[in-house]
Amino acid sequence: MKSPARILLTIYFVIGVLFLIFPLIMLVPLSFGESQFLQFPPEKLSWRWYVEYFTADSWLAATFLSLRIGIGATIISLFVGTLASVALVRGTFPGRNFLMAIMVAPLILPTVILALALYIVFLRWQWVDNAVALTFAHAVIALPYVILVVSTSLKGFDITIERAARILGAGPIKAFTSVTLPYLMPSLFAGGLLAFFASFDELIVTLFVSGGLQTLPVRIWTDLKLRLDPTVAAVACLLIVVSVAGMGLAEYFRQRNLRRYQNS
Numbered sequence: 037m038k039s040p041a042r043i044l045l046t047i048y049f050v051i052g053v054l055f056l057i058f059p060l061i062m063l064v065p066l067s068f069g070e071s072q073f074l075q076f077p078p079e080k081l082s083w084r085w086y087v088e089y090f091t092a093d094s095w096l097a098a099t100f101l102s103l104r105i106g107i108g109a110t111i112i113s114l115f116v117g118t119l120a121s122v123a124l125v126r127g128t129f130p131g132r133n134f135l136m137a138i139m140v141a142p143l144i145l146p147t148v149i150l151a152l153a154l155y156i157v158f159l160r161w162q163w164v165d166n167a168v169a170l171t172f173a174h175a176v177i178a179l180p181y182v183i184l185v186v187s188t189s190l191k192g193f194d195i196t197i198e199r200a201a202r203i204l205g206a207g208p209i210k211a212f213t214s215v216t217l218p219y220l221m222p223s224l225f226a227g228g229l230l231a232f233f234a235s236f237d238e239l240i241v242t243l244f245v246s247g248g249l250q251t252l253p254v255r256i257w258t259d260l261k262l263r264l265d266p267t268v269a270a271v272a273c274l275l276i277v278v279s280v281a282g283m284g285l286a287e288y289f290r291q292r293n294l295r296r297y298q299n300s
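So for the sequence shown, the numbering used here puts the first residue at 37; every next one is plus one.
Bear in mind the hints are in silico, worked out from the structure with no lab data behind them.
Straight-line Cα separation of at most 20 Å, SDA-like style, residue types lysine to any residue; simulated pairs:
| # | residue 1 | residue 2 |
| --- | --- | --- |
| 1 | 261 | 92 |
| 2 | 210 | 119 |
| 3 | 191 | 292 |
| 4 | 261 | 248 |
| 5 | 261 | 250 |
| 6 | 191 | 140 |
Restraint ranges, calculated between C-beta atoms of paired labels, are given here:
| # | residue 1 | residue 2 | range |
| --- | --- | --- | --- |
| 7 | 45 | 191 | 26 to 32 Å |
| 8 | 80 | 168 | 44 to 50 Å |
| 9 | 70 | 148 | 36 to 42 Å |
| 10 | 72 | 285 | 31 to 37 Å |
| 11 | 70 | 213 | 52 to 58 Å |
| 12 | 59 | 261 | 15 to 21 Å |
| 13 | 46 | 156 | 47 to 53 Å |
| 14 | 214 | 264 | 53 to 59 Å |
A quick note: this is a predicted structure, and the numbers were derived from the prediction, not measured. Think of the CB as a built atom: it goes at the ideal place given N, C-alpha and C, for glycine as much as any other residue.
Let the sequences and hints guide you as you build the complete structure.
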C-alpha cells in the first residue's frame, strides 16, 4: 500500500504535468478552426490554416531560414562541444571547472543579457543582419546542450577500451574515432537534436542580431503583434509534433545504446 506522502507526490506530479501540457492541448482544436479568428471551440473543423502555412511564401521562407540556421548551429555546436567535452572530462588542466561553467553559462544567464552582449559584439564587427552571424549566435546557445549530454556519456565510458586500441597500434585520433566515437553517437544525436531545437525556437537573440532576417519564431512573433492569425496555432502544432517525435527518437537511440554497452 502506498504511503500518503507518495500519493500526494503522485497527485502533485500529475497536476503539474497537466498544467504544463494543457495549453498545448488547447492549440490542437484552435488550429483546425475555419474562422479567420482564434475561436474555441471551433464552429467547423478545417485544414485551412495548415494549407495556408504550406502555401504562403512568407511562412515557408521563414521556415527554411530557421532550418538552415538551425542545421549550421547544430554542426558547429556538435564539433566544438564534442572536443570541449573530451577536454573537460579527460583533462586535468587548471581552471577546468571554470571553463566548464563558462561554456554552460548560456543556460544560466538571462537570454536578454546574452542577446545584448552578442548584439554589441556583432555590431562592432558589422555582422548584424547576417545569416552567418546569426548561425554563430545560435551555436553559442546550442553549445551547452551538446557539452552536457556528451560529457555525461563520456564519464560512463570505459577508457581502458580506448587504451587497448592504442596498445594494439592505433593512434590517438584512430582510437577515438573507431572506439569512443561509435559509443558517443547516440549522445551526439540526442545533443544535436537539443541543439537544433534550441536554435530553431530561439527568439530573443534572433530579434537582437537578425536585423531584417525573419526566422520562423520571429515570423510568429510579428504575426502575433500585428494580428492574431490562426496560422500561428497550426504552426505551433506542427512544431510540437516534430519536437516530440525528435526527442522520442533521440531517447530511443540513447536507451538502446546504453543497453547494448551494458550487455556487452
